[in-house]
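For the protein sequence lines, the chains are D and Z, in the order given.
The letter at position 23 of the first sequence is residue 23 when you use this note's numbering, and the numbering goes up by one with no holes.
All you need for this note's numbering is the position in the second sequence, starting with 1, plus 1000.
Honestly, the hints are just simulated from the structure, not real lab data.
Using N, Cα and C, we set each Cβ at its ideal position, and we do this for glycine too.
Any given hint could turn out to be false.
[As the list claims (entries may be wrong)] Computed footprint of chain D on chain Z, listed as stretches where at least three residues anywhere in the stretch have a Cβ under 8 Å from a Cβ of chain D: (1) 1003 to 1013; (2) 1084 to 1097; (3) 1106 to 1116.
[To be verified] Quick list of in silico lysine to aspartate or glutamate cross-link-like pairs, EDC-like style, CA-CA up to 20 Å: (4) Z/K1038 - Z/D1095; (5) Z/K1038 - Z/D1005; (6) Z/K1127 - Z/D1005; (7) D/K127 - Z/D1095; (8) D/K127 - Z/D1123; (9) Z/K1038 - D/E50; (10) Z/K1038 - Z/E1100; (11) D/K127 - D/E50.
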Amino acid sequence: MSLFNIMAVSGSSLEAQGLRLNTIASNLANANSVAGSERDAYRARLPVFETVYRGAAGERGASAGVRVRGVVESALPPRQEYDPGHPLADPEGYIYRPQIDAVDEMANMIAASRAYQNSVQTMNTAKQLMLRTLTLGR
Amino acid sequence: MAFADRVMGVSPQALHLRAQRLELIAGNLANADTPGYKARDIDFRQAMAAASGAAPGAGELRRTHARHLTAAGLAPGGDAAADVRFRIPSQPSMDGNTVETQREQAAFMDNAVRYQASLTLLDGRIKSAISALRGGQR
């Protein structure tokens, strides 16, 4: 039944957006994490979304859910900072801070939470319609 | 035409198509942030005309024997093709995504209300039929 598929589609969106919020939270939490080498420094994480079609491609009404194909790390190199007094400083006296733009992350977070809300609303509407359909003829 | 068909009219087909359209739009909303996703929809007027038999030819099975089953009785709404089309965006985004959330939201709400309208109509018809079967007595 089509209305049940809406739950699956919107549910997949909730999951994907939830994961996106999760990565944003860890990016913001680690904005000030210092590392002793470029390799160990935290890099911003970004989820990559992908459409999942249920049913044969191009089939009428094939529902389109969304899933996270993977989480990629930002290619931006960590910021190198000279701080020889820091306990984590390398022999040359450098520490490495992640290249995270808080404004970027916040904007991303708002977009993710809006998308999440949209999906919740869609599910609610589908639920109401289903419940009304169940009482048909009563 | 079977008794049930006469009582129900076109409402079951309409409900079926509305549910299908809701599913498509839910998919669009779920993929609002998926790069490269193209928003899809169906032309309801055309699909309804095909489903209710106003436009014969499309997806109709030829019966070579009087005792063959009609295709209309097999699947709700018949098997007439409701073509899924891509929506033309007014402001395409750089990542190739053509979902415009406001537009999809509006379409979703509109469709949900029309689904309820069909449901109410069908409910009324079922109640009249029950009333007629009981001879007007409760």
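Structure-based check of each hint:
no. : hint              : verdict
1   : 1003 to 1013      : violated (count 0)
2   : 1084 to 1097      : violated (count 1)
3   : 1106 to 1116      : holds (count 5)
4   : Z/K1038 - Z/D1095 : holds (11 Å)
5   : Z/K1038 - Z/D1005 : violated (37 Å)
6   : Z/K1127 - Z/D1005 : holds (15 Å)
7   : D/K127 - Z/D1095  : violated (32 Å)
8   : D/K127 - Z/D1123  : holds (18 Å)
9   : Z/K1038 - D/E50   : holds (12 Å)
10  : Z/K1038 - Z/E1100 : holds (10 Å)
11  : D/K127 - D/E50    : violated (26 Å)
The structure shown violates the earlier hints numbered 1, 2, 5, 7, 11.
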